[in-house]
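Mind docking chains D and G on chain U? Use the hints.
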Amino acid sequence: MRNSVHLAKRFSVCWLCLTLVLMLSSARVQGQTAQTEPAGNSIPEPAPPVAGAVTASDTKSDEGGSITVKWTEPAGSKEMGLEYEVLRSDKQDGAYVPVGELSAGDSEYADTGLTDGQAYYYKVRSILGAVSADSEPSQAAFSKGNFFRFYRLNALVLLAVFSSAVLYYITRARKAKPIYIRKIAGLDAVDEAVGRATEMGKKMLYIPGIMSVDEIQTIASLAILGHIAKLSATYNADLEVPNKDPLTFAAARETVKEAYLEAGRPDLFREEMVNYVTYDQFAYTASVTGKMVRERPATNFLIGSFYAESLLLAETGQAIGAIQISGTAEVAQLPFFVVACDYTLIGEELYAASAYLSREPVLLGSIKGQDITKFLLIVALGLGVVLESIGIKFMATAFKMQ
Amino acid sequence: MKRQIPLLLTFFAGAIPIFAFFVPEKHVGLVSTTLDSWLIIVAGFALLLGVVNVVQMNANKIKRQAQGWPYAIILLAGLAIMGFFGFAGSFNVFGGIATRPDGSSTPFDWLYKYGFLPLQGTMFALLAFFMASASYRAFRARNTEATILLFAALIVMFGRIPFGEMVSKWFPLATEWIMGKPSMAAQRGIMIGAALGAASMALRVILGIERSYLGLGKGE
Amino acid sequence: MNLERIMQVDRRIIYLFVAVGTILPIIFVVGLPVSITPPVQMAFDRIENKLHEGDIVLVSFDYGPSSAPENAPMADAILRHCFSKGIKVVVIALYPLGGLSEAVNELNKVAAEFPQLKYGVDYVNLGYKDGAQAAMKKMAENIHEVFPTDVNGTPLDQLPLMKHIRTYKDMKLVVSLATGIIGEWWANLVNAQFRIPVIVGPTAVSAPKYYAYLEAKQMVGLLGGLKGASEYERLVIDKYPALAQVYSTPGLYTATKGMDVQSIVHLIMIAFILFGNVVYFTSKRKPRKAS
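As you go down the protein sequences, you meet chains U, D and G in turn.
The opening position of the first sequence corresponds to residue 1 in the numbering used here, with each subsequent residue numbered one higher.
The opening position of the second sequence corresponds to residue 1 in the numbering used here, with each subsequent residue numbered one higher.
The opening position of the third sequence corresponds to residue 1 in the numbering used here, with each subsequent residue numbered one higher.
Extracted from the complex, chain U is given alone in its bound form:
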């Protein structure tokens, strides 16, 4: 009996102690939410998942000094809001320094500014709030320069197809029958426009655009200027070419001089025919529009690259009653020319003008080659639309330019 009571007492004491311990523990946990616990007493945050399979290799198709680091993202990285830091060292067990920061969703980083031939090692640090975890280091990677940008292979193929088509038709042009080119009203009207100015005894104004000779539209414009200058020399019409760009001015002067020489009338050429006005866009426009209003030319040619001044020039010319032939590949300015000018060369018609006016078989051959390429592109576009619609992304990838 005495043993049972003793046991019961012991059991009660143990039970009381246990209850006390449990109560104190629960108070401590609740207390943690109300007051700051000293360091070392808080439950540590779990470490974020580590990036897997970190590989480092030379960046392809570059001129050297770059290594691309790739890794596998842990599952749920985006939902977690994981961030990455790429670390680099020149020794596998050496000190690593951070070189880049990325967010979840990115699993590739190109490190630049490196020395070719030197070994580099990489780790990827996963960061979640205040905690982080490093991956295993990658194998040694070495950067080196490459000789070809393989991501531009599609551009090279397109260039090859285009050049081959153009060169083929240029070569064939001399031997084959004359190549057909469709009527371009603006270019057919050039003779009529020059004739009009001659009959009226008024001058022709040729504006070769506002850009320099590094712009291909300006070169196309100078080609047309040569043709018009030759006609002007033949008919003894008065021609003036005001320029905004100094290089264009120098080239235009040579073009007009040679054209007059070729027409057999070098005596008619005067240096002030081709003049430089000013480099400022609107000062140039003010000068030319003032000239139009005062001198009232019979014919205006606005051919080349234009920007905001296009409507000012064209509308002033329209107001004075001049016949106007314009041409530009600036898409934003085309509507202004179409509205205010009698004839407009749109985009590629400007580039075809030298071939059209001269009817040189070689030049016409290049137009045909260009048209064949355009036809192939139209086929590719149609095919691309069909393939994209059924979910095959081949064409979009094939034509992606970097």
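Rather than coming from a laboratory, the hints here were simulated on the basis of the structure.
If you're wondering where the values come from, they're calculated on a predicted model, not measured in any experiment.
Please note that a few of the clues may not be correct.
Below 27 Å or equal to it, Euclidean Cα-Cα: the simulated DSSO-like pairs (lysine-lysine) are [claimed, not checked]: (1) U:Lys393 <-> G:Lys257; (2) G:Lys217 <-> D:Lys26; (3) U:Lys91 <-> G:Lys169; (4) G:Lys109 <-> U:Lys60; (5) G:Lys109 <-> D:Lys113; (6) D:Lys26 <-> U:Lys202; (7) G:Lys217 <-> U:Lys393.
Just chains D and G, lined up with the frame of chain U:
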């Protein structure tokens, strides 16, 4: 030689940037960017040539007392005054060419802000008036295409202003559709055609087939 | 009534109406409401939702004084948005005719509204660089080589903000306020080759061209002309009410005020177009009636 040298220079000047586009070799890229820099330097010297031409022409006009010769005096005076303050300012005379640290204007800056900029703004502002007169003349329903153009223009002009949305929410929606679909498609078509035309022209120029810009005559 | 003569109305009468329509809304401010279009909303959302405090945005001033009435309000709105959100801004200018003066004026004006921000820490102006395309390509390798100093001549290594910015990879976004072709180069060259997101604020006349780039996802937003600028101002004021005070400063030119003028002038042009067509059709019908 007179024909060959410019054609050779054109060939190299055209071919090197194309090569640099495909080949990342440091030295090719360096030549390509060097060519870009040379263009800027050559343009600077050509600017000098242009200025000489302007002075010559206007001086002749004053000498011959040709029509409008007083304006030639104003032009040369403007050139001289801006040129003088610009040159002097580049050697830090008068405090330079920009606004002084205390906010006051140097002479060049003053002329730029209160002479040049308002004149430039005036010319640009003329566009509004010219656009009105051009629109009045152009947007007539002469045929089917012109009628479609007329309606598209009216919808876009009305849809781009708050009144359009006040009248009907369909105006801004129709405007965005016109800008984002048929207009964009047409622009793309012209851009692709123009790009091919430019590429063809560039190829002809690089290969020396197109020479009229050099004043060399036939493209044989 | 001589319908032919009415149709050939002297263009000076049209100019007079446009002049009155331009001047009156400036004197008597109308305050028309602004509706938001998707391209502008996309641009705003990009900065508001995808960028965080401390991110770097490159703002390129690719326009000059001639198009400042359209482009400057865009620049101001973008800068105010970035500064309000704590985004750091690197300003450059690539337009040769006045890009630098616009960059200096607009940045200084907007920065003065945020006195808590420090030059060199929160924003810098690197100045103008010639040869826009070459500069854009070179910035992908090392921006310090393109701009060795800032606009005041301070070496970039001495500016805390620029110490860690070397290439486009260190930036989150490029915003180009453009007139002409430079804006296109940001979209079809820089975005295509270097994959940095681009927003362009072109003038209204160039804006239709940029829809192609927007649709092709080479741009993440578009502010087309004065309308685009006024929409962005509206979005910024709605999100950051403190800016409403700035925008209601008397005498301050804003895109919203400019849109009043544009709206009235558009109405005048529409009226003339309709008038011209009515007269055209009436004159076409008259000879038939007579016969």
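Now for the hints, and whether the structure bears them out:
no., hint, result
1, U:Lys393 <-> G:Lys257, "46 Å, violated"
2, G:Lys217 <-> D:Lys26, "31 Å, violated"
3, U:Lys91 <-> G:Lys169, "25 Å, holds"
4, G:Lys109 <-> U:Lys60, "45 Å, violated"
5, G:Lys109 <-> D:Lys113, "16 Å, holds"
6, D:Lys26 <-> U:Lys202, "56 Å, violated"
7, G:Lys217 <-> U:Lys393, "16 Å, holds"
Hints 1, 2, 4, 6 from the earlier list are contradicted by this structure; the remaining hints agree with it.
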